[in-house]
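*Asks:* Below are the chains, spelled out letter by letter.
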Amino acid sequence: MSFFDVAEAAVAAALDAGARYADARVMHKRYESMDARNGEVEDLSSDESAGIGVRALVGSSWGFYAVPDLSDSAARLAGARATAIAKASARVAGPAADLVPTTVSHATWASECLVDPLAVPLSDKGDLLTHATKTMVEHGADQATAVYQIWDTRKWFVSSEGHRIDQHVRECGAGIQATSIGAGETQVRSYPAARGQYGTRGWELVRELDLLAHAPRLAEESRALLSAPLCPAGETALILGPEQLFLQIHESVGHAIELDRILGWEAAFAGTSWLDLAQLGSLRYGSELMNITIDPTLPGALGSFGFDDEGTPAAKRYAVKDGIWVGVLAGRDSAALAGLDYGGSVRADGWSRLPMVRMTNVGLEPGPHTLEQIIAETDDGVFMENNRSWSIDDKRLNFQFGCEIAYEVKNGKRGRMLRNPTYTGIGPKFWQSMDMLSSEVQYWGTPNCGKGQPTQAGHTGHPSAPARFQGVRVGVRA
Amino acid sequence: MTVEKIAEQVLDLAQRALPGAEIEVSADAVHRALTRFANSRIHQNVAEDTVGVRLRAHLDGRTVTTTSTLTSPEGLTSLVSRTAAAVRSAPRDPGWPGLAPAAALALPGEVDEATREASPDDRAARIRDFVDAAGGLETAGYCQTGYWTGAFRNSAGQALAASATTADMDGIARDAGAGGIADGVARRSGVALSELDGAALGARAAGKARAQADPVELPAGRYEVVLEPEAVADLLTNFSYFGFNAKAHQERRCFAEPGTQQFDEAITLYDDPREPYDAEGTPRTRLALVEKGVTTALAQDRRTAATGGGASTGHAGAFGAAWGPTPQNLAFAPGTATVDEMISRVTRGLLITDLWYTRVLDPRTLALTGLTRNGVWLIEDGEVTRPVRNMRFTQLYPQALGPGAVLGVGAEAVPQPSRVFLGAWTSPALHLASWNLTGGASG
Numbered sequence: 001m002s003f004f005d006v007a008e009a010a011v012a013a014a015l016d017a018g019a020r021y022a023d024a025r026v027m028h029k030r031y032e033s034m035d036a037r038n039g040e041v042e043d044l045s046s047d048e049s050a051g052i053g054v055r056a057l058v059g060s061s062w063g064f065y066a067v068p069d070l071s072d073s074a075a076r077l078a079g080a081r082a083t084a085i086a087k088a089s090a091r092v093a094g095p096a097a098d099l100v101p102t103t104v105s106h107a108t109w110a111s112e113c114l115v116d117p118l119a120v121p122l123s124d125k126g127d128l129l130t131h132a133t134k135t136m137v138e139h140g141a142d143q144a145t146a147v148y149q150i151w152d153t154r155k156w157f158v159s160s161e162g163h164r165i166d167q168h169v170r171e172c173g174a175g176i177q178a179t180s181i182g183a184g185e186t187q188v189r190s191y192p193a194a195r196g197q198y199g200t201r202g203w204e205l206v207r208e209l210d211l212l213a214h215a216p217r218l219a220e221e222s223r224a225l226l227s228a229p230l231c232p233a234g235e236t237a238l239i240l241g242p243e244q245l246f247l248q249i250h251e252s253v254g255h256a257i258e259l260d261r262i263l264g265w266e267a268a269f270a271g272t273s274w275l276d277l278a279q280l281g282s283l284r285y286g287s288e289l290m291n292i293t294i295d296p297t298l299p300g301a302l303g304s305f306g307f308d309d310e311g312t313p314a315a316k317r318y319a320v321k322d323g324i325w326v327g328v329l330a331g332r333d334s335a336a337l338a339g340l341d342y343g344g345s346v347r348a349d350g351w352s353r354l355p356m357v358r359m360t361n362v363g364l365e366p367g368p369h370t371l372e373q374i375i376a377e378t379d380d381g382v383f384m385e386n387n388r389s390w391s392i393d394d395k396r397l398n399f400q401f402g403c404e405i406a407y408e409v410k411n412g413k414r415g416r417m418l419r420n421p422t423y424t425g426i427g428p429k430f431w432q433s434m435d436m437l438s439s440e441v442q443y444w445g446t447p448n449c450g451k452g453q454p455t456q457a458g459h460t461g462h463p464s465a466p467a468r469f470q471g472v473r474v475g476v477r478a
Numbered sequence: 001m002t003v004e005k006i007a008e009q010v011l012d013l014a015q016r017a018l019p020g021a022e023i024e025v026s027a028d029a030v031h032r033a034l035t036r037f038a039n040s041r042i043h044q045n046v047a048e049d050t051v052g053v054r055l056r057a058h059l060d061g062r063t064v065t066t067t068s069t070l071t072s073p074e075g076l077t078s079l080v081s082r083t084a085a086a087v088r089s090a091p092r093d094p095g096w097p098g099l100a101p102a103a104a105l106a107l108p109g110e111v112d113e114a115t116r117e118a119s120p121d122d123r124a125a126r127i128r129d130f131v132d133a134a135g136g137l138e139t140a141g142y143c144q145t146g147y148w149t150g151a152f153r154n155s156a157g158q159a160l161a162a163s164a165t166t167a168d169m170d171g172i173a174r175d176a177g178a179g180g181i182a183d184g185v186a187r188r189s190g191v192a193l194s195e196l197d198g199a200a201l202g203a204r205a206a207g208k209a210r211a212q213a214d215p216v217e218l219p220a221g222r223y224e225v226v227l228e229p230e231a232v233a234d235l236l237t238n239f240s241y242f243g244f245n246a247k248a249h250q251e252r253r254c255f256a257e258p259g260t261q262q263f264d265e266a267i268t269l270y271d272d273p274r275e276p277y278d279a280e281g282t283p284r285t286r287l288a289l290v291e292k293g294v295t296t297a298l299a300q301d302r303r304t305a306a307t308g309g310g311a312s313t314g315h316a317g318a319f320g321a322a323w324g325p326t327p328q329n330l331a332f333a334p335g336t337a338t339v340d341e342m343i344s345r346v347t348r349g350l351l352i353t354d355l356w357y358t359r360v361l362d363p364r365t366l367a368l369t370g371l372t373r374n375g376v377w378l379i380e381d382g383e384v385t386r387p388v389r390n391m392r393f394t395q396l397y398p399q400a401l402g403p404g405a406v407l408g409v410g411a412e413a414v415p416q417p418s419r420v421f422l423g424a425w426t427s428p429a430l431h432l433a434s435w436n437l438t439g440g441a442s443g
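Listed in order, the protein sequences are those of chains A and B.
The first sequence begins at 1 in the numbering used here and counts up one residue at a time.
The second sequence begins at 1 in the numbering used here and counts up one residue at a time.
In case anyone wonders, no lab produced these hints; they're calculated from the structure.
All C-beta atoms, glycine included, are put in the ideal place defined by N, C-alpha and C.
Keep in mind that the hints are not guaranteed to be accurate.
What the hints assert, rightly or not - Chain B is faced by these chain A residues, among others (derived, beta-carbon under 10 Å):
hint : residue
1    : Arg37
2    : Glu40
3    : Gly63
4    : Phe64
5    : Thr145
6    : Gly271
7    : Thr272
8    : Leu397
9    : Thr424
Unchecked claim - Beta-carbon label-pair distances, calculated as ranges:
hint : chain 1 : residue 1 : chain 2 : residue 2 : range
10   : A       : Asp116    : B       : Ser81     : 11 to 21 Å
11   : A       : Arg207    : B       : Thr307    : 29 to 39 Å
12   : A       : Gly339    : B       : Pro108    : 47 to 57 Å
13   : B       : Gln250    : A       : Ala213    : 25 to 35 Å
Next comes chain B alone, as it looks inside the complex (with noise of 0.2 Å):
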């Protein structure tokens, strides 16, 4: 049974189940496949294949999601069942923000067919390039394809339905030297497997490695730093869980305040869906959250946008409605520097690849300690000098970002793989005037 099926019939039980209430359904077809390596060899293998379907009931006020993969139809019929029975001994929902008007897709799902099709053959070649490109240096990764289609139903007349693949590789090199061993790292992620270059990341990965032999201890301190793709993806990440999501502004546990110039000019910030549609059935599409450093909107959901104001900005699911709405597609805007320009205009310096283990202190004020990982350097009058051991870091990321703080964008933004199926962050490097290491990570 197709996924739009599986949705319309689901929907149908329901309406019949509980008359009057409001009903949305949605159903997910999921092939994901995804090949690590570590050692140097493929060590862990997977490929699923699931079916999902989510159905949310609304009805006297009260409200309650139920998911399942059993969609024979014994399947769907105990869960119809299972819903009607939870929905009338709920506890009440004042908040109820209704479901989404019907609306068509206003952003199309990308596939990639033959990503669609890839077999564990396709993503090893993938890996065999890695390795190889790596020249004998200890290897450890994975390469992943993904096929996602999805269909929505609503009882106020909402049917949507969508497709998209994705393709993404996250590897690194290691290097035994006198100084122990360095990791150098390199990430990829796109809608389409020729999109990822297996020889390409290995040696960028293993130039980094190769790079890191004979680290010093630096003393902590505020450092002006130049931070690389794979380390921005990590701000991209946390002011996607706690920068712009609208139910933590308006419980006052974030930091944006839409209008203000919170950032410097350099900085552009958008959100840009995979997926055409969020959990409610609202159509997404790109949507600008920072421009020319002001905080121009934020994440909504149906229930933060009832609550708040405004409309839904297709952002509900992600981590369910507790959490609030999350935008899973990050991307800075690119600036016009090369790396090697950045570096040159640092007196005194870090030149940091990537970014490890960043927790939250202070949601408020986005306060937040981690680790540099797979490649540290110092940046003496202009130039990489030697290679530095790794530090734990305190910051605000807001503050890092601030007017007057950024003093360059790369000109390059790298699509890199998150950690959400079909999520991925798109950053350039940053130049940033100061960062906040306050000690080495060896004590």
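Same shape as in the complex, but just chain A (with noise of 0.2 Å):
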């Protein structure tokens, strides 16, 4: 019995029990990740997943049921299970659930991989992130880390109209961060970005970034951070490096778009935004230079598939288009709710959690500029880079970041550096200052995206690049 068939007798289960829609996603997930701390090896762990997890549609109730268990009664249990948990739905019953339609695909599809980084040996791995480690602490870092991860996920997706779609996922990442522990504070610096830089490509990603090449920098910075001066606190430019930027997108941009969220969906906890359907196309987000597109098939981003989970094609689309607001990210379901007609952007972190919507590829198009023309202009701001905490209201508008590093910039130069820089602001105001981006755009993948209940960690895809920003508060302290 293939994992096709398994699907296709859940899907069948469910209809029988009443649902007039069911898709079932068959998945093997394989993960592997290893910590290593001031040359030793932490936590080696790795892990295998499979199972079904069933939706169902009955009236306007959606039910999910989700299960390990690959035999075809377990299957037919769970379709069935599905449908009676949708039917208990309707006792607090809302208005007609409808799914926009979508092209019926039978589709085989598969991310880039030129090494398969399960089968890189695990002493290569290790060998890699302790002498990185160790080389952070010769170099004066109290405590020196380093981690990768990999994914190795394939699905099988069926549904009661007709889609028979497998997907060969494979990602990985890695980074490596300095932390130097003085009176009271502590300093960190990180590489590639604060939680590591992922993708959907093999080992090769990893390879490139050089990590042991980046060590003694990093616990350099570190150190120097504890006697650097404060970042100063008032208005000033902001100039921000496209590792800080591409969280700055996630947060302000990514989640706001959501439109799960505009429609009310996540209020009791990830939150609603700030936007509003009704200025859908005539809404200024930001300035002219912002152009920010949704685009699920861009090669390695860490947001990239062929499908998503309910067997959508991948496709690019704007959220936003020289600063207006355009799209947004949505599923089947909710787009037809909000009469829209596409949908495109729901996944599940697991075979047993429920799709929903979530972030692809969100990321900014390219600007005019280059990161030196950006300094080289500006006369009095600070540029910080790498994230080191953020936080944002429940609409997505109030934000305030954390980075780890920061310099003076005068008359045209990177001066001193900075330590504890902190920026807020609201969120359109903010984008509306963009003044200056940089051409220099890169994908930048954070896999620890949290969002629903039960909680489930999405990839998501960032490009992004250097900008400057206008008359942005920073200085912000405790």
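With the hints as a guide, dock the two chains, each given alone in a separate frame, to form the complex.
*Replies:* Following this line, the structure appears as structure tokens:
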């Protein structure tokens, strides 16, 4: 019995029990991670998981049931249970649910992977992390950590509309971090980003990062930060490095354009959005330099796939065009409720979780400048790099970020190092103040986007480049 | 196959495949069902029945941890084969602390049979009550029930088994008034679904939302505050992750210093676990972390205990070895004051229901930034006078509870849901001398 057969049995059982629509995902996931600290491996984990998740729609109500048993009988039981759960939802029912049409595909898709990360010997991977952390300690770090993570996911999707799609997605990434400890404070430097860098690629991604080459610099910078002056407080021109700006995009654009948030489906937990669908197509989100795409087709970016978890083919779409809000991240049911004609951004983090609206690759298109130009054309400002903390309100308007390191910018030159840099603002005001944007776009990936109940960890990608923002409040502290 | 049988079988297979290795196995079966509602309707309704096996092997100075959800005979054999291959090529682990010795459980798991068998209809009924009690306000939230049964075996002779149930409810009511949408919240966690009163929670949330009509902006500054139990749960969350982790302490990344008066004498803090043993098979018991303001202990696993001296307190595993031991059921001991009494003692300050999106600026000082949510009110001359728009804060959490800073502790400690299955925070309201509000959330 193939995994498609298992999924089809579940869908058939859901329909037999009374569902008007059903879909099922069989997933097989392998995960491997290693953590090292100060020259030694702290943790090595290798996980394998397989199961089936079934979604059933009865009237206007959904039900979902998951089980780690891929037998025909278990699949049929799962389908029937999903329908029974949907029927119970009708006790507190809402308006009729519908699904926007999508192409019914029979397809296979796989991400590109040059070097299978699970086939790289553990000893090689361990040597990389332990050498990197040992090097950071030798260069002055009090605590030096390194991590890699690998995901190898196969999924088979079947729907009652006739979808039959299998995908194989391989993702990996790594990062290193140096911490220096002073009197009552810690200073941190990370590479390439605060929690590493990840993509839908093979181990070649990690090799290209060249972690060892950056280890001495991180340690030295973390140590130097302990005696650097505090980032001054006030309003100034703010230049952000791409590894910080990608998180700004994620938090203040990506989550804000999630249609389930806009519709209030996440109101009690993740929150809603400041965006009003009545303004889709006319609202000024940012300056004319701001062009944000939703694009799961980007090769190697962490939010890439062939089809989302509702079987919708991956396609590029604008979220913000020339500063105007024009698109959302949507699923088939949320789009139908909102009167839109596209889904395509629904995923689950495993077979036991309900697919929901998630970011794919949400990021900036290139601007006309370079980082060198941005600094050269700034008379007075602060240049911040690498995220250290992030916080944003439940409407995705008011944010405060802390960065690991900053530099004074005076008369077109990068000056002295500054410690404990923070900045705060309101999303649209901030984005409208973006007056310079670099063409040096890179894809950044974060594998830990929390959303939903039970919480799911989403893998999202973010094209990002250095940019400058005017009149930003910096230097907020306790 | 029962989780005990799975654990025994995997231990047997692993000992055959890895002669001389130190082996530990845990097998866990979880039935978790969560019904979400938004816009006053159930929009997501999920259930899962999962079985997971975790195998840790230490051989010739190398350690590896593996997990699997494949519990057929072939699946378990594959897990052991994968582990055997990995442990032989894994990097060296000089800090291996050895296996937990045989010891009996100190706490029983608490199981409520009705909660174990709770149906989607049972959860929907709580939600119906919540929605109806909100009196026409829009509502959103969830009702969850769960049942866990686990078994642990290791090659040092430790053999444990336990079960527990959980029931949690969290909901908001939303009042669309002249000042925009105002939210009120109510939460509760328990062992039994019968502990969740959907109507009472819905009424509390709706009352909070209605009392938020037409809020004012307040300037940034330090305010005396009364934090309600929902907000205090955030303090417990961050003390759990960053405050009392022995690994973070050994690495000089946390503020806690055992034996030191770091808190006001009104503060007593303990961990009261719902799971009777940890990932290493160490039995858990109630652990006092702060007594009358003095930090008395840290959460330990076997690795931190071996490094720093002392014994494991049974806190391995929540977030993995690299993060370190993390207590998941923190509770502030209740005091004597009601919230109304606390308010009556404030000349000018704020009543804050909930905190949101709090993130650490520096773990060593436990400096955090975040926002208020689900209700803020101005208190003047001992009375709540008007609602206030949400504000951002940047605050050292230990400082807020430091000696002389706690002006009152609520008499009722309310169990609050955590984001970790079987985790919970038990929080009374707190009356604090100062909270650093660093700006209005609306800009």
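*Asks:* Hint by hint, where does the structure go against what was stated? Just the numbers, ascending.
*Replies:* Violated hints: none at all, because every hint is consistent with the structure.
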